[in-house]
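S.K.: So you can see what is in the structure, the chains are spelled out below.
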Amino acid sequence: MKTLRKILLHGFLIISSLVALFPFYYMFITAFKTNAEFYQNPFGLPHSPTLENIYNLIIERQFYRYFFNTVALTFLSTTIVIVLSVFPALAYAKMNFRGKEFLFNITIAMTSIPLITIIIPLYSSFARLNLLNKIEFVSLVYAGLMVPFTVFCLTSFFKSIPDDIFSAAKIDGCSEFMIVFKIVMPLSKPALVTLFIANGLWVWNELLLALLFLQEPMKRTIVVMLSSLQGRFTMNQPLVMAGALFVGVPMIIIYLLGQKYFVKGLTSGAVK
Amino acid sequence: MRKSKGIIPYLFVLPSLLLVGFVFFYPILKIIPDSFFKYQGGTKTFVGLQNYYYLLFEAPTTKLAFLNNLKLILVIPILLLFSIIFAFIFYSNIKGTKIYQTVVLLPKVISIVVVGILFSYLLRDRGIINEFLKSINLSFLAQNWLSNHKIAIYSIGFTIIWKELGFGIILFLSRLTSLDERLLDAAKVDGANTLQTLLFVIIPQLKGLINFYIVYHIMIIFSWIFSYVFVITGGGPAGYTTVLELEIYKYAFQRNMPGMASALSIILLLAMLVFIYLNNKLQREAEEF
Numbered sequence: 001m002k003t004l005r006k007i008l009l010h011g012f013l014i015i016s017s018l019v020a021l022f023p024f025y026y027m028f029i030t031a032f033k034t035n036a037e038f039y040q041n042p043f044g045l046p047h048s049p050t051l052e053n054i055y056n057l058i059i060e061r062q063f064y065r066y067f068f069n070t071v072a073l074t075f076l077s078t079t080i081v082i083v084l085s086v087f088p089a090l091a092y093a094k095m096n097f098r099g100k101e102f103l104f105n106i107t108i109a110m111t112s113i114p115l116i117t118i119i120i121p122l123y124s125s126f127a128r129l130n131l132l133n134k135i136e137f138v139s140l141v142y143a144g145l146m147v148p149f150t151v152f153c154l155t156s157f158f159k160s161i162p163d164d165i166f167s168a169a170k171i172d173g174c175s176e177f178m179i180v181f182k183i184v185m186p187l188s189k190p191a192l193v194t195l196f197i198a199n200g201l202w203v204w205n206e207l208l209l210a211l212l213f214l215q216e217p218m219k220r221t222i223v224v225m226l227s228s229l230q231g232r233f234t235m236n237q238p239l240v241m242a243g244a245l246f247v248g249v250p251m252i253i254i255y256l257l258g259q260k261y262f263v264k265g266l267t268s269g270a271v272k
Numbered sequence: 001m002r003k004s005k006g007i008i009p010y011l012f013v014l015p016s017l018l019l020v021g022f023v024f025f026y027p028i029l030k031i032i033p034d035s036f037f038k039y040q041g042g043t044k045t046f047v048g049l050q051n052y053y054y055l056l057f058e059a060p061t062t063k064l065a066f067l068n069n070l071k072l073i074l075v076i077p078i079l080l081l082f083s084i085i086f087a088f089i090f091y092s093n094i095k096g097t098k099i100y101q102t103v104v105l106l107p108k109v110i111s112i113v114v115v116g117i118l119f120s121y122l123l124r125d126r127g128i129i130n131e132f133l134k135s136i137n138l139s140f141l142a143q144n145w146l147s148n149h150k151i152a153i154y155s156i157g158f159t160i161i162w163k164e165l166g167f168g169i170i171l172f173l174s175r176l177t178s179l180d181e182r183l184l185d186a187a188k189v190d191g192a193n194t195l196q197t198l199l200f201v202i203i204p205q206l207k208g209l210i211n212f213y214i215v216y217h218i219m220i221i222f223s224w225i226f227s228y229v230f231v232i233t234g235g236g237p238a239g240y241t242t243v244l245e246l247e248i249y250k251y252a253f254q255r256n257m258p259g260m261a262s263a264l265s266i267i268l269l270l271a272m273l274v275f276i277y278l279n280n281k282l283q284r285e286a287e288e289f
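If you're matching them up, the sequences are chains V and S in order. If you read the first sequence in the working numbering, its first letter stands for residue 1, the second for the next number, and so on. If you read the second sequence in the working numbering, its first letter stands for residue 1, the second for the next number, and so on.
Mixed in with the good hints, there may be bad ones.
What the hints assert, rightly or not - List of simulated lysine-lysine pairs, BS3-like, C-alpha gap at most 27 angstroms:
(1) S:LYS281 x S:LYS207
(2) S:LYS98 x V:LYS6
(3) S:LYS98 x S:LYS207
(4) V:LYS219 x S:LYS250
(5) V:LYS6 x S:LYS188
(6) S:LYS207 x V:LYS159
(7) S:LYS95 x V:LYS6
(8) S:LYS150 x S:LYS71
(9) S:LYS95 x V:LYS260
(10) S:LYS207 x V:LYS260
(11) V:LYS2 x S:LYS188
(12) S:LYS95 x V:LYS2
(13) V:LYS170 x V:LYS94
(14) V:LYS134 x S:LYS250
(15) S:LYS98 x S:LYS188
(16) S:LYS30 x S:LYS63
(17) V:LYS100 x S:LYS281
(18) S:LYS30 x V:LYS134
Derived by calculation from the structure, the hints in this document are not laboratory data.
Pulled out of the complex, with its shape left as it was, chain V reads as follows:
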């Protein structure tokens, strides 16, 4: 009875895993087929795997460029948001000042504002300021969008640091700013890594903002290029799937390496 139950359970889990994995399998096998082979053999392993599609994307369509654009955007915006959020989070968690509750609440409330509702004024002010297609400024927008969530997570993390550590540091003559760099940052390393990953995942994968704010061909992100690739070469599935690898594989690798942080990052906003 017990073994039967175990077998059934494993059967259920294996089937579910196959359902979860199948689209990935399809993406990988298709990316290494020629279009001709794909039409003869759409679902099996490639008979003679080819790098043609990947070569085509890198050399002829300069995908390395979009890849680096995305890396730059992700790196810049996740760094900016951390720098901008550590200070207010510390103030909200450990200092007393007039208007604290109000400022904290109004910041946190922004986590429930849908991006689509604010994107028109945001877009027109960016256009008016002539900042569209400039990755360094667009990453400021990404950072701003992530500030509420990041401040929320960091504030609740800082609250868990005992006050004694701060008073001790103060007695030793640390200024408020030094406290941030000498004490808060080192203590919060795991929380910061988690936030880097959660935020980075969002920026890397984001479509709507990138589609509108980085339209210039040379400034596009890899996700936007993938979406336009699908629009133009729908009938060439191997090419599109090769493009999907550029978006998917880096995140899969980082996920497999730092799974612990992903799990924390994805659940951090929710469990608290």
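Starting from the known structure of chain V, arrange chain S on it as the hints suggest.
M.R.: Using the frame of chain V, we list chain S on its own:
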């Protein structure tokens, strides 16, 4: 709590507030007046509540979009049910849990754009899902998953389930592992079987998280699924899978009607506000009893 005098706390919060102000406060305040205007060829005319009236009573697409958002709400009970079942199985520490966990969370780390493209290929008329159904002699089940206007929105729903399930599982699992084990031991001593333990011991403990999960996903379904629809169907066939976000996007960037887009944004924001308010109220009432 430390008393901090002077301007230091304000210096700490100011930069973040400036950026949040630029990204959130200003745009929210800006769409309110914008929604009362009509923009045409560089001139703007005040039209009062006309945009709202048109969207709520005349526009053919708003109602369709709203109904599609409502249809997608159906994914939430399915997600919830499977999340709890899987979390419970993993919690029982069956062999290979770690590997299964790694696998189920994989869809969550992939861009919605990749997922959308993959499923648009898998679900197309001669895609693998139909071919598979034919190969096991179930060809009567094969459908035009994305081009049949009656079922296309559910195909999008299916894709959302595939992508989001892992998140729910991990969420409930992390809550389960923080439960007091004595509760489960007590249930065992009292002779409760697995199903009884799940229904009468564990689920009541998860109430708060279940509520959070539902509320969170209702907000997702109404305001963060643009990319799914944009990539999988683009709103087609013939606009039958449009959703509120896509309507706002089209008014703003394709139909060149920013006033209309602002009005629809306000409607969406107000709806969310009312929803959050009602939920908080219900929560508080539930706590009082």
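S.K.: If a hint holds in the structure, say so; if it doesn't, say that too.
M.R.: Against the structure, the hints come out as follows:
With a C-alpha separation of about 16 angstroms, the suggested pair LYS281 (chain S) and LYS207 (chain S) falls inside the 27 angstroms cut-off, and the hint holds. For the proposed pair LYS98 (chain S) and LYS6 (chain V), the alpha carbon gap of about 16 angstroms is at most 27 angstroms, so the pair holds. Between the alpha carbons of LYS98 (chain S) and LYS207 (chain S) the distance comes to roughly 26 angstroms, so the proposed pair stays at or under 27 angstroms and holds. Straight-line distance between C-alpha atoms of LYS219 (chain V) and LYS250 (chain S) comes to about 23 angstroms, which keeps the hinted pair within the 27 angstroms bound.
Between LYS6 (chain V) and LYS188 (chain S) the CA atoms are separated by roughly 19 angstroms; this keeps the pair inside 27 angstroms, and the hint holds. Distance check on the hinted pair: LYS207 (chain S) and LYS159 (chain V) sit about 26 angstroms apart at the alpha-carbon level, within 27 angstroms; holds. About 9 angstroms separates the Cα atoms of LYS95 (chain S) and LYS6 (chain V), which keeps this hinted pair within 27 angstroms; it holds. A hinted pair counts as satisfied when its Cα atoms are at most 27 angstroms apart, and LYS150 (chain S) with LYS71 (chain S) qualifies at roughly 11 angstroms.
Taken as a hint, the LYS95 (chain S) and LYS260 (chain V) pair is honoured in the structure, with Cα atoms around 19 angstroms apart against an allowance of 27 angstroms. For the proposed pair LYS207 (chain S) and LYS260 (chain V), the alpha carbon gap of about 26 angstroms is at most 27 angstroms, so the pair holds. With a CA separation close to 16 angstroms, the supplied pair LYS2 (chain V) and LYS188 (chain S) stays within the 27 angstroms bound. Distance check on the hinted pair: LYS95 (chain S) and LYS2 (chain V) sit about 14 angstroms apart at the alpha-carbon level, within 27 angstroms; holds.
With a C-alpha separation of about 13 angstroms, the suggested pair LYS170 (chain V) and LYS94 (chain V) falls inside the 27 angstroms cut-off, and the hint holds. The hinted pair formed by LYS134 (chain V) and LYS250 (chain S) meets the criterion: a straight-line CA distance of about 24 angstroms does not exceed 27 angstroms. The suggested pairing of LYS98 (chain S) with LYS188 (chain S) holds, with an alpha-carbon distance near 25 angstroms, which does not exceed 27 angstroms. At most 27 angstroms may separate the alpha-carbon atoms for a hinted pair to count; LYS30 (chain S) and LYS63 (chain S) meet this at roughly 25 angstroms.
Of the supplied pair hints, the one linking LYS100 (chain V) and LYS281 (chain S) holds, its CA atoms being roughly 24 angstroms apart against a limit of 27 angstroms. This hinted pair checks out: LYS30 (chain S) and LYS134 (chain V) have alpha carbons roughly 24 angstroms apart, not beyond 27 angstroms.
Of the hints listed earlier, there is not a single one the structure fails to meet.
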